[in-house]
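Number of protein chains: 2
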Amino acid sequence: MKYEIVAEEGSAKSAHMETVHGVIETPVFMNVGTVGAIKGAVSSVDLKEIGCQVELSNTYHLHVRTGDRLIKQFGGLRKFMNWDRPILTDSGGFQVFSLASLRKIREEGVSFQSHIDGHRIFMGPEESMQIQSNLGSTIAMAFDECPPALAERSYIEQSTARTARWLKRCKAEMERLNSLEDTVNREQLLFGINQGGILEDVRIANAEEISELDLDGYAVGGLAVGESHEEMYRTLDAVVPHLPRKKPVYLMGVGTPLNIIEGVARGVDFFDCVYPSRNGRHGHVYTKHGKLNMFNKKYELDPLPIEEGCDCPACRNYSRAYIRHLLKAGEMLGLRLCTLHNLYFYNKMMSDIRTAIRSGTFEAYRREMNETLSEDKG
Amino acid sequence: MKYEIVAEEGSAKSAHMETVHGVIETPVFMNVGTVGAIKGAVSSVDLKEIGCQVELSNTYHLHVRTGDRLIKQFGGLRKFMNWDRPILTDSGGFQVFSLASLRKIREEGVSFQSHIDGHRIFMGPEESMQIQSNLGSTIAMAFDECPPALAERSYIEQSTARTARWLKRCKAEMERLNSLEDTVNREQLLFGINQGGILEDVRIANAEEISELDLDGYAVGGLAVGESHEEMYRTLDAVVPHLPRKKPVYLMGVGTPLNIIEGVARGVDFFDCVYPSRNGRHGHVYTKHGKLNMFNKKYELDPLPIEEGCDCPACRNYSRAYIRHLLKAGEMLGLRLCTLHNLYFYNKMMSDIRTAIRSGTFEAYRREMNETLSEDKG
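Order-wise, the sequence lines are chains A and B. Each step along the first sequence adds one to the number in the numbering used here, with nothing skipped, and position 237 is 237. Each step along the second sequence adds one to the number in the numbering used here, with nothing skipped, and position 323 is 323.
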């Protein structure tokens, strides 16, 4: 793996990253395909058309349904879903802590009940690496606990320390798996995850500790889970300078267009979020002037595309009036078109951000976007 | 409009039909987009990719939701849904008699309650023509009553006679509408509909009566509504010879692949049916060797496409195992891929049928398909 910063402006950076599955230009927004498919009937062929560089899939969902062992038999998730570009898999930790029930956390890992059929599953650092190795993603994420942002200090300290111990086990297990002959992707990368809620001292100490492990990249986890945007930005201001500048930085699960621009301004390379696809499925679409609710009666006779000048498959072919008609009639095609538009919007925004950083105009772009886009709760 | 038979084999015919919206090569299967969108998140752009020649939309659905007047303001349904090839609209009669409630049939027409919001609507021959004129379809269908195939003789006779009287009013109203300056498509074609249940004498007398009106085409309606396949074929054997050979013949709402082949063998040009899209949405897919249920566990590890050699967007890109995985996970993409495959299968079959008739091998093709495809209830 090669990660090379090609331009910087203030703390913002734009990098060229070469992986065994192709190049990633950062800052990048990963398009979320939970079970190896983007909700809203969007396929891997569509993802290429809308400019997606990295697809993100969820380890927990693929483990409890269909199963990573079966996917390994198909040569990994990229072959299974016919996506020849990079994939990042999360560790399963977030879903274990948010979806599964009857959880028991011990030093070894977590035992819990599947949210599908209730069967008992154990997942620790080694299991998470094994599943992600079976999926054969380009980038695996460390197994972590994501404590509530506003949990008590004592719990956050204890949890962060355990996640750091788990990280060392993840690294050892990933090295072992990458050395095996029948591993799908023997050059699988591992990103560590910084935790610590919004406690700056815990975040910084943890960042310094995990930076020493010399991993392929580092994520800031546990944000966008209940704290305010200001607390998120303050936490990033505090912790990102303590992560290696010359490695990719990933802000997990974030966020609105402005959140992403503010993350980029603080040195973040990777983002992912369900907002564009979830909003698309509710008929809420992004434009440079804020979100529109396509169910609104005022679009009944509107011949314009969702956004004038947009080159997405929805805007190239259909009017607001037609999309509203589909949504009102409950036609899946309406959700699909809104989702395609939103993902295209995010991917195009990232492309604009890269261009801005590489031409030294990012601060002007950031200012303009902060003026044009209204604050957005996602 | 020009309709020219380019090849015949027995009663089967293949024609080249030129309309104001483009050429239709027959026999043709029309892809059903109820409200101007194909269920299963299939767009007009997709329809082109899967070889659809004629899209079919439902007058009743478009009238009660969004509304034909609004669609007229967009320049008609073809512009509204961005489909530049021919469209056929049904008359609304079938839905009025199958979906709407509190119906009252009089000589003038039918009053009924909308199945969406219960508001009272009146539709007669003139109203149906006006709505279809607003939609601006290439081919409008006459307003008819479709009595249950097994209704009593006295009811079928009375209903068929009234439908014939309505047809004359449809013709007069269509001529009036086509002469107006602000009509969307001033060359809108009108197909009459033959009724009569499975009573051959009623069917034949009606066919002879309506043939005299010299319409642009003729449909056989009221089949595939409860009678057996044999009764359907016998009725076609009886009535099709009494419709003008040198005009397009349309068998409404039919059917399975074998139904279509048997219809073609009896001189039918046009078909439509919800089977391929409805089956697709249930994970049932067509192959040359019969239907497969993609939910079946035996496809869990199957790396083959739905059908080997198929050039549809699903088969070109995805395995049975992946499609099964999507269906099991409840991902809309699974339904979309199955629907795209099924519509492609039907369109490709029609292309094979045309090639067979034009090369004098239709009877061999028909025999082969009757041997290979098992009897299918749809």
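No lab work stands behind these hints, which were simulated from the structure alone. A hint or two may mislead.
What the hints assert, rightly or not - With a straight-line Cα cutoff of 25 Å, these simulated DSS-like cross-link-like pairs (lysine-lysine) come out:
| hint | chain 1 | residue 1 | chain 2 | residue 2 |
| --- | --- | --- | --- | --- |
| 1 | A | K48 | B | K48 |
| 2 | A | K72 | B | K104 |
| 3 | B | K298 | A | K79 |
Said to hold, decoys possible - To be clear about the criterion: a stretch of chain A counts as covered by chain B if any three or more of its residues have a C-beta under 8 Å from a C-beta of chain B, and this derived list gives those stretches:
| hint | stretch |
| --- | --- |
| 4 | 33 to 42 |
| 5 | 140 to 151 |
| 6 | 314 to 327 |
Cβ coordinates follow ideal geometry from the N, Cα and C atoms, glycine included.
Against the structure, the hints:
Of the supplied pair hints, the one linking A:K48 and B:K48 holds, its CA atoms being roughly 20 Å apart against a limit of 25 Å. At roughly 62 Å between alpha-carbon atoms, A:K72 and B:K104 are farther apart than 25 Å, so this suggested pair is violated. Of the pairs offered as hints, the one joining B:K298 and A:K79 holds, with about 20 Å between alpha carbons and a cut-off of 25 Å not exceeded. Taking a C-beta to C-beta cut-off of 8 Å, the stretch 33 to 42 of chain A contributes 8 residues in contact with chain B, enough for the three needed, and the coverage statement holds.
Under the rule that three or more residues need a Cβ within less than 8 Å of chain B, the assignment of the stretch 140 to 151 of chain A is violated, with 0 such residues. With a cut-off of 8 Å between beta carbons, the stretch 314 to 327 of chain A has 7 residues touching chain B; three or more are needed, and the interface restraint holds.
Going through the hint list in order, the structure does not satisfy hints 2 and 5.
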